Each structure stands twice: as structure tokens, then as C-alpha cells.
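K.L.:
Sequence:
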Amino acid sequence: MSSASKPLKTEAVFTDTSVLYDYSKDAVKEAETLFEEYTALEKVTSEFGHEEFKKVAERRAEAYEAWEEAVSDGRETVGDYQFTEPDDLKTKDLDILREFQRELVQNCDQVEALRRINARGRQYEKGVEKLFGTVSGDPLVKVVSVSANENLLKRFKLDIQNHNDRQLLAEAVEWYNSAGTDIFVTSDKDDFQGETDGGTAKETSESAGLPATLEELGQTGTSLQEDLNEHIDQIYTNINHLTIKQLIDFVNAYQSP
Numbered sequence: 001m002s003s004a005s006k007p008l009k010t011e012a013v014f015t016d017t018s019v020l021y022d023y024s025k026d027a028v029k030e031a032e033t034l035f036e037e038y039t040a041l042e043k044v045t046s047e048f049g050h051e052e053f054k055k056v057a058e059r060r061a062e063a064y065e066a067w068e069e070a071v072s073d074g075r076e077t078v079g080d081y082q083f084t085e086p087d088d089l090k091t092k093d094l095d096i097l098r099e100f101q102r103e104l105v106q107n108c109d110q111v112e113a114l115r116r117i118n119a120r121g122r123q124y125e126k127g128v129e130k131l132f133g134t135v136s137g138d139p140l141v142k143v144v145s146v147s148a149n150e151n152l153l154k155r156f157k158l159d160i161q162n163h164n165d166r167q168l169l170a171e172a173v174e175w176y177n178s179a180g181t182d183i184f185v186t187s188d189k190d191d192f193q194g195e196t197d198g199g200t201a202k203e204t205s206e207s208a209g210l211p212a213t214l215e216e217l218g219q220t221g222t223s224l225q226e227d228l229n230e231h232i233d234q235i236y237t238n239i240n241h242l243t244i245k246q247l248i249d250f251v252n253a254y255q256s257p
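Each residue of the sequence shown is one higher than the last, beginning at 1 in full-length UniProt numbering.
For the record, the hints were derived by calculation from the structure and aren't laboratory data.
Computed from a predicted model, the values in this text were never measured in an experiment.
Check each hint, because a few of them may be wrong.
Restraint ranges, calculated between C-beta atoms of paired labels, are given here [claimed, not checked]: (1) Glu103 to Glu37: 28 to 36 Å; (2) Gly137 to Gln82: 34 to 42 Å; (3) Asn151 to Arg115: 44 to 52 Å; (4) Arg59 to Asp109: 22 to 30 Å; (5) Ser147 to Arg115: 13 to 21 Å; (6) Asn151 to Ser72: 48 to 56 Å; (7) Glu11 to Asp80: 47 to 55 Å.
Straight line, CA to CA, 30 Å or less: simulated DSBU-like cross-link-like pairs of lysine-lysine [claimed, not checked]: (8) Lys142 to Lys54; (9) Lys54 to Lys25; (10) Lys54 to Lys90; (11) Lys54 to Lys245.
Cβ coordinates follow ideal geometry from the N, Cα and C atoms, glycine included.
Assemble the whole structure, with the sequences as input and the hints as a guide.
P.N.:
Rendered as C-alpha cells:
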């Protein structure tokens with residue numbers, strides 16, 4: 001445990017989709033610790049978070065499949081391929097695909113590149129089963145049914161451009177209000193800026209609008225987390241905050257109750 005981290009005891013956490021991808025696809029060390037070592041800790045997401053995870057995984061798996069087919073058929077080279085399928089790819093999808101494309105062009109011949117494209121697509125396909133269980137396996141993440149408070153969503157819109165981020169945070173707050181815990185764990189420092197409402201890859205930029213991290217000062221001179229908690233305090237009577245923790249900070253601070 002980092003000496004700078006205060007011990008954090010909790011029985012459960014609400015997980016951002018970025019944490020789920022860190023474990024199911026990228027094998028990030030801190031995510032592996034969260035899921036494989038902290039087994040007594042309950043990991044939770046909402047039905048919305050579950051569906052969003054599946055949609056993104058399916059969308060990206062389809063993109064890798066189309067890329068592999070185009071190169072295998074000789075219609076495109078690995079480096080010249082333009083990501084046009086599926087047609088609902090978002091800016092962040094394209095950023096990830098193009099970064100992987102550059103990596104392959106620099107480091108692999110075509111045979112190895114095709115192998116890696118296939119493997120990457122399969123990682124996305126298997127991620128859903130890995131986290132949410134199959135007939136023969138227990139889920140690592142519990143899916144809870146909660147409804148976001150509409151007034152809180154309207155207030156969050158003042159500070160968070162991305163609809164999905166607003167929705168998931170508001171549902172985490174509602175879970176806390178209905179006997180959950182106050183901790184929301186994320187790993188993507190850009191998670192709360194993203195595309196604006198209704199944006200597609202052709203229309204929006206990932207870098208517009210909000211602070212790069214939750215700790216940066218906002219226009220009011222307070223941190224984004226403090227601004228969000230002010231909204232929560234205005235809406236709810238039983239709770240007045242949500243604790244948003246970066247994955248690495250949570251892993252360093254966590255202690256089993």
C-alpha cells in the first residue's frame with residue numbers, strides 16, 4: 001500500500017466501464033488486483049453499464065472482424081485500411097483502432113498483424129463472458145437495477161458533456177442511496193470529458209470541454225468531484241456525496257473490512 005494512501009474499507013464498489021475493459025481486454029495490473037486478489041470485494045455496475053459495455057465490445061469486435069476480412073481478401077493493406085464498419089463507430093473507438101493500426105505497421109509483417117487483429121477482436125468478444133458469467137462460470141460483476149434521478153442528470157449536464165458518463169454516475173449515486181456504498185472506481189482519466197450528446201466520430205472531439213482528470217479545477221475554482229457532490233447534496237436528503245476514485249488509488253488504499 002502506498003504510504004500516501006489512507007486505508008479505505010468498503011464491502012462493495014460501483015465500477016466504471018473503463019475498469020471493466022482494463023481487466024477483460026488490457027490485463028492492467030491494478031485491474032487484475034481488483035478482480036483476482038480482492039475477491040471479497042463486491043464489484044457492481046448497473047443494467048445501463050452492463051449494456052454499454054456489451055455494445056462497445058460488440059461494436060469494436062465487429063470493426064476488427066471487418067478489418068481482418070479486408071486485409072485477408074487482399075482489398076486493403078493493414079496500414080491503409082480505413083475504419084468504416086460498423087457505421088456507428090465513435091471517436092474513441094477510432095482512436096483505439098488507429099493507435100493499434102500504427103503499432104502493427106511499425107512492428108509486424110502482414111501475417112503477424114492479421115493474427116493480432118484476430119486476437120484483439122476475440123478479446124472483446126470474450127470480455128462479456130469473462131466479467132458477467134456464462135452457464136459454467138460465475139459473474140465477477142454484479143448487475144443492479146437502478147434508475148437515475150432525472151433532476152440529478154440535469155444538474156450533472158452542467159459539468160459533464162458525455163451522456164453515458166452522466167447516466168452511469170447518476171446510477172451509482174442512486175445505488176448508494178438505496179443501500180450501496182459511496183465509492184465509484186474509474187481508470188480512464190479522460191472518462192468524464194468525451195463526446196458530447198449525440199456525437200459521432202465525424203462530429204465531435206474527445207478533448208473538448210471538461211477537465212482531463214477529476215481533480216483539476218473547474219471554472220468555479222472547485223474540483224469537478226466537489227461540483228458533482230454539490231449537485232447530489234441538492235437532490236438527496238440521505239446522502240450528500242459520491243467518492244470518485246482512480247483505480248490505482250483505490251487499489252493502493254483498499255483494506256478488507
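K.L.:
State for each hint whether it applies.
P.N.:
Now for the hints, and whether the structure bears them out:
1. Glu103 to Glu37: 28 to 36 Å: Between Glu103 and Glu37, where Cβ atoms are some 29 Å apart, the hint holds.
2. Gly137 to Gln82: 34 to 42 Å: This hint holds: roughly 38 Å between Cβ atoms.
3. Asn151 to Arg115: 44 to 52 Å: holds, 51 Å
4. Arg59 to Asp109: 22 to 30 Å: holds, 28 Å
5. Ser147 to Arg115: 13 to 21 Å: violated, 44 Å
6. Asn151 to Ser72: 48 to 56 Å: holds, 52 Å
7. Glu11 to Asp80: 47 to 55 Å: holds, 51 Å
8. Lys142 to Lys54: holds, 15 Å
9. Lys54 to Lys25: Given pair Lys54, Lys25 holds - Cα atoms ~13 Å apart, limit 30 Å.
10. Lys54 to Lys90: It holds: about 15 Å lies between the C-alpha atoms, which stays within 30 Å.
11. Lys54 to Lys245: holds, 23 Å
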